[in-house]
Each structure stands twice: as C-alpha cells, then as structure tokens.
Amino acid sequence: MIFTIVRNGFRGLRRDRGALILSFVLPVAFFSIFAIVFGPMSGNSTPRVSVLVVDEDRSAASERLARGLEREQALVVTTRPESKTGEPQPPEYTAVTAEEAVKKGTAPAALIIPAGFGVNPISFVPGTSRKPIRILHDSSNPVAAQMVAGLLQKVAMTSLSGSMADVGMRYFAQASGGLTPQQRKNVESSLAFIRDQAARRDAQTGGAAAASGDSFGGLVSVEIRDVVGEKKRSPMISFYAAAIGVMFLMFTASGAGGTLLDEADSGALDRILSARVSMTTLLAGKLTYCMLLACAQLTLMFLWGAAVFHLDLFTHLPGFFVMTVVTSFTVAAFGMLLASVSHTRGQQAAIATLLILTMSAIGGSMFPRYFMTATMQKVGLLTINAWAIDGYTKVFWRDLPVTDLWPQVGVLLGGGVLLFVIARRFARRWESV
Amino acid sequence: MTATSPANISIPLQIDSVVKRFDEVTAVAGISLEVHERACLGLLGPNGAGKTTLIRSIVGRVRPDSGSVLIFGQPASSLAARKELGWVPQELALYPLLTSRENLDAFGHYQGLRGKALREGIQWCLEWASLADRADSVVKTLSGGMRRRLNMAAGLIHRPRIVLLDEPTVGVDPQSRNHIFEMVEALRAAGATVIYTTHYMEEAERLCDSIAIVDHGRIIAQGSKDELVAKSFGTRSDVLMRLAAAPTAAEWAAARGGTLQDGVAHFPVDRPSDVASLLDAAARDGLDVIDLVLRRPNLESVFLQLTGRDLRQ
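For the record, the sequence lines run as chains A and B. The first sequence lines up with residues -14 to 418 when you count with our numbering. The second sequence lines up with residues 3 to 315 when you count with our numbering.
Read the hints as simulated data drawn from the structure, not as lab findings. Yeah, the Cβ is synthetic: ideal placement off N, Cα and C, and Gly gets one too. Treat the hints loosely; a few may be bogus.
[To be verified] Far from chain A by the CB rule (all over 10 Å, computed), these chain B residues:
(1) R58
(2) G62
(3) G69
(4) L81
(5) L87
(6) Q92
(7) E93
(8) L94
(9) L96
(10) Q113
(11) V140
(12) R208
(13) R220
(14) Q263
(15) S275
(16) D282
[Said to hold, decoys possible] Result set (DMTMM-like, lysine to aspartate or glutamate): computed pairs, CA atoms no more than 25 Å apart in a straight line:
(17) K85(B) <-> D67(B)
(18) K142(B) <-> D250(A)
(19) K142(B) <-> D247(A)
(20) K116(A) <-> E72(A)
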C-alpha cells in the first residue's frame, strides 16, 4: 500500500514539470548563484574598493604613499576623472572636486594627502603635531572608508620605512640625551641606506607591497568624514525601501500578470478576444493595472519609511515620482513577459521564483552590490533591481536632481519596452489558432 | 440551409467549405452551412465531432485552413461581424471574484458598450437571466445554475443578432436546464438567430427548428427533426429488442438489418406487425428476448442509424 502511494507520488511529480523544477532545478540554480556571488570562484575576484587620491603635498613622502596606495591590490586608485574620447586629459582631482565626485557616486571614498604632510608624516605616539590625511566617504558603502583607512596604515608601514626610521632615531636622541657627532653621522648613513633600499625595492617589485596586516593604529594621522550621509538621520533606509520594494514589486507583477493565465484557463480570455478587444489592447490594459499596483506598493513602502524610519520622502518627491513610474512600468512589463512565456500557473510560479530571486540576489535587493566582486557588480547591471536601486539612491542618498537620473530612466524605460514587445510576441499563441 | 450562396448581407451566417486541422487531426473537414434570420440551428454530435471547432471558427477564435465564414456578409474576424455575434462558451468564462453586475459591466465594456447603453444592457441581462436579486453577489457564491445563466448573459449583453450557445446546459440540474430553455426561447421570440450545440436530443428537439448532425468534422445530415427521421427511416418505426448475452447476437441483428448496442438490438420496421416475425426469428435461433419496445424513431435513432454510435459516446 505504501509502495503504491510512493509510486503514485513519483509518477505525478514526473509529469508536473513545475514541481520538478521547484524540487530539483531551483535549489541547484540558487546554490550556484549564491556560490558565485558570495564565494568567488577565482582568486582574483576579491572585491576592490575604488578610491580617489589627491596629493596636495607633492613631497617625497606623499608621493611614496600615493604610489604605495596605487600598488595596493585591494584598492583601485584614481587621481583624475576619465578623459572623454578626443578631449584633452582633465586635471587631477582636488580636494573639492574629489568631494563632489564622492557625492555623485563616482567612488565611495577619496583620500586627501594635505600640504605639509611630508614634514612630519608619521608618529608612534598620539598627540604629535601631524597633518592628518582626510578620508571623505559615502556611508551608503560603510565598508569602503574603513577599508581605505586600514590599508592606508598598512601602506604607510611599507612605503614610509625611511620616515619611520627617521622618527625612531629622533625619539631615541630625545630619550638618550643626544647623539655624539660620530653617532649622528652613522645614523644618517644608515637612514640613507634604508631610503635607498626602499627606493630600490619600489623600483624592483613595482607591485605588491610587503605583507603586513597588523599595522600600528595611528601611524599616520587620519580624519574620516562622511560627505554624503552626514546630515541624514537614517542613512540606509532609502536603500532598503528601494531594494526590498523592487523585489516584492516583481512578485506582485508576476501574480498580477498571472491573471492572464487564469483567464486563458477559464475561457474568459477567449471570450474577451472574441469581443472587440485586441491582444495588444488586452496586454496594455494588464500592463497598466500592474503598473498602477506597483506604484501604489512603492508609494506605501516609502510613506511607511517616512512615517516610521524618518525617510526624507517629501523633499524628494519629483525624483521619487520619476523613479517609481519607470520602475513600475518595467516591472509590470516583466510580469507580462513571465505570464506570456508560461503555459500554466505552476510553470509561471517556478520561472518567477527563479528569476526574481536571482535578479534580487545579483541586483542588490538582498545585499548591496559593493559587497560583490567587480564582475558580479557588472552582471548585476543586467537586472531591473540594480538600475532601480541606483536611481533611488541618487534621489534619496545623493540628493541629485531629476536630470541626473537619465541613465537609470533610459535603461528602465528601454528595458520595459523591450520586455513588453517580447511579451506581445509570445502572446500571439492566445490569438486565433 | 446547406448550399451556400454568394456573400449576402441579409444572411446571418454563411459557412463555405471550412477545413481546420490540428497537426494530424482534422477537426473540421469541409463544412458548408447557411443559417437564415430568426432560425435556430442545432449542431448535434458526440464529443470530438468538431462542433466546438466550428463554433470557434464562427467567432473568429479559430482560423480555418481553408474556406470562409461570413456574418451578414462580413468575414468572421472583422469588427463588424463581432458586433453581430454573441458567443456563450462551454466554460464558465467569468471573473469569479467580481459580482454579477461587475462581470456584465466588464464584458459590456469589452463589447464597446458605454453609458446608458451599458446600463440598459446590464439591466436587461440581469432580468433575462433572473439574476436581478443576485446582481451584487460575487460569482463564486452563486449556484451552478446561476453561473450558467450569468455566463449566457455575459455573452449577449450587446444584444447581438446571432447567438452561439455552446452546450449551455452542461452540468446543470433539470430545473436550471428548464430555465435556460426559457431564456433561449425568449431570445428567439425577440428575433435572434440561434446556433445551439448539444449532445442532448431533447434539447435540440425542443429548441431547434433545424438540426445538423456533425460527425468526424462533417455534417452527415441536416434538416428538421421530421425531415431527418423521414430521410433515415421513411415511415418505418424503431424496434428496440433487449437480448440476453449471446455471442451470435450482433451477427443475428445485422443479418436482419439491425444494429446491436449494449445488448439492445435496434431494427427499423415498416409495419408494427413485423415485430412478430422478429420475435419468431429470435426464438427460432435460440436467442432470449428480455424485453421489447416499438417506437417512432427520434433524433437519437437517426444518429445511431447514421453513425452506428450513441450520441453521448
């Protein structure tokens, strides 16, 4: 008896393609996606932090430090904006332009080496008069500033060995009551040798800095300032409202688009199409419904964020409106496509779950994309989530005007139109046979 | 009603040599048909005979591989034709979470009705289907019979001149079926041309003044009930003889011009007195007759005679 029940179960499962996919394909697919996202498959795909470096000092020490930062594998150092084709090379970043660039999201952090840094670059004790290096950062990426600050200390250890020896001897001279002329001469000779060795090593390795993760906290003086979110009360709320909102929007659109399949099952679709309604009109109607539903859902999400989490919605209404409309349109078109490519509700649910969770994982709805490798960050740009989140971040986090949303609006609108056209193409199977 | 004439805007439905194949299966194999104003044509046939495909060709949901379907002289897929057609599909093609009124409102909009015309259409439908008191009930709370009636009303809200009813009484109780008959009769009285598919003989006999018997995608006979009976049986009657199981029964019945179905031998007889000779023959050949009925042939007899199958097979 039990055997018969088990056999019937497997027979049914074998013929239910949706359940088969949910049972076997989906878990393997998710495992693979998360393994790719979280556990980089190749050793070179560690996430790297982009940092703008401004050298206001132009001393030997500051240049060595800047070069050390450039050699650091975990950092992508940029000193001037990208030049446009056919135009002269733009000037190097200054403290002001670097701050603007961080505010615009060009990089999550900028490191300013101030004028006078080279006079007294390092110290082994607090309280010494040093010119602090300033790190300006965007706290929507909370990892970047900490990583840059830590790596700065490491690079200081490895790049400024001459300065370290110099300062060490000065401490020694003070503590021991002064050096004899002969001793001073020997020390100067040793320091010259150390500087020479450091210069030779720089020239020979041209790359990897010496491994030393345990730097002395405060070898170089650092000031860290949040230049984007310093005046904001709830820095990550807008990110999560957009990230979670878009993911659930896609589930909603998938459900709303699925009414097409219900109508096809019940015969209502046949009846509608036999009346004076064309397939294009019907799909456009469904798209509009999905879109309005998505707009309402996002609005509710952000209103809740404003009421409970102090999200500054009302001073960002134009940007919010633009992003909500285009995101809803694209997500609605995605819902239409899901319905039109599926033959049953079960099939649609399986495809929707797979696609939505995958897009949410790599598009930044589940965790910020800056945690991912550079490759995965680029792959993420194939998702609706990534463009929508980037757009909302520009509005709520960077306070950018609506005109700055054109890349996100363009991609989302274009993508939405493309998805709708493909959906219409697949929907031909519901027309006369 | 069979031969088709050139496109004529006064003829509600002209079907000319329609063929429709689905892969290897020929669902409609060259049907020609003409239905005149105010007529009620019954399409009779077993499951898979091609009735529904033919109906779907008429409403433009199936594109024939060859042949043509004209509605008042216009191609079936044209907007002008759709306006004249009202289709009630076999399925309950309704929105289950909307009320009766909301469903009628939706399908009225799909048919292009607005404002006063829509309001009047809804009201007419609710009264015609006797659903005025359930106008604001959600469909899924209605009984099966009510849903069937609403399903009919939703197809006819735009008051079309041609009504296609595809097995509208499937799965309803006798009382609701009677209600549906009355609705169809009211439509006819109002001047609609009706095409009614069913595999219930009594429905066709009651409602239709002309019947086309469809089998294997073809019309194998057409005419009024009396014409069909006369054509198949002349003045003969039908003898139904139930026989005890015997291996030679089918052969025995065939030798006397009859057929055997489920242990019942059917014989056409010219005179009632012919029954005696059949009984004598059965006794002589060792067959045990359990009971015997003599009756005038009906549509079922015609169908059996023409196809060798029962209508509900």
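Item to complete: Output the numbers, in ascending order, of every earlier hint that fails for this structure.
Response: Checked against the structure, the hints that fail are numbers 1, 2, 4, 5, 6, 7, 8, 9, 10, 20, while the rest are satisfied.
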